[in-house]
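Chemist: Final position of the sequence shown in the working numbering is 117; the numbers increase by one with none missing.
One should not assume that every hint holds.
Claimed, not checked - Label-pair ranges, simulated between beta-carbon atoms:
(1) E82 / A30: 29 to 35 Å
(2) V99 / D37: 36 to 42 Å
(3) R68 / R104: 38 to 44 Å
(4) T47 / D84: 32 to 38 Å
(5) S56 / G103: 49 to 55 Å
FYI, nobody ran anything at the bench for these hints, they're computed from the structure.
Backbone N, C-alpha and C define an ideal beta-carbon position, used for all residues, glycine too.
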Amino acid sequence: MWLDEGPAAHGWADDQVWTAARVRTLIGQKFHLSYSVSGVTRLLHRMGYSVQMPARPAAERDEDAITVWREVTWQEVKPSGRRPARSSASRTKRA
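Could you put the whole structure together from the sequences, leaning on the hints where they help?
Modeler: As structure tokens, then:
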């Protein structure tokens, strides 16, 4: 299948990956059909493909702040592993 050959085999740079927009362009070139990007996404999902990476990393991502939050703040606010048992005003037991 053409997707298995990679984007470089179809004219994109060697370091590029498939995106729904690129697959849409490839479908247009090979089959003279027009799909929307969301339609291509649904088509790829039906064919067994899934999203492997975000379209672009967040520009404002601060790795140091994330590490501090995980090590300090999360430890303070994370829920315990056990939940309190349900209580009921009814004196009957479940069957």
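Chemist: Could you say whether the range 36 to 42 Å given as a hint is met by the Cβ separation of V99 and D37?
Modeler: holds (40 Å)
Chemist: Do the beta carbons of S56 and G103 sit within 49 to 55 Å of each other?
Modeler: With Cβ atoms ~52 Å apart, the hint holds.
Chemist: Could you check the hint for me, namely that E82 and A30 are 29 to 35 Å apart, CB to CB?
Modeler: Since E82 and A30 have Cβ atoms about 31 Å apart, the given range 29 to 35 Å holds.
Chemist: Taking the CB of R68 and the CB of R104, does the distance hold inside 38 to 44 Å?
Modeler: For R104 against R68, whose Cβ atoms are near 41 Å apart, the range 38 to 44 Å holds.
Chemist: Do T47 and D84 keep their Cβ atoms within the hinted range of 32 to 38 Å?
Modeler: holds (35 Å)
Violation of the numbered hints given earlier is absent; every hint is satisfied by the structure.
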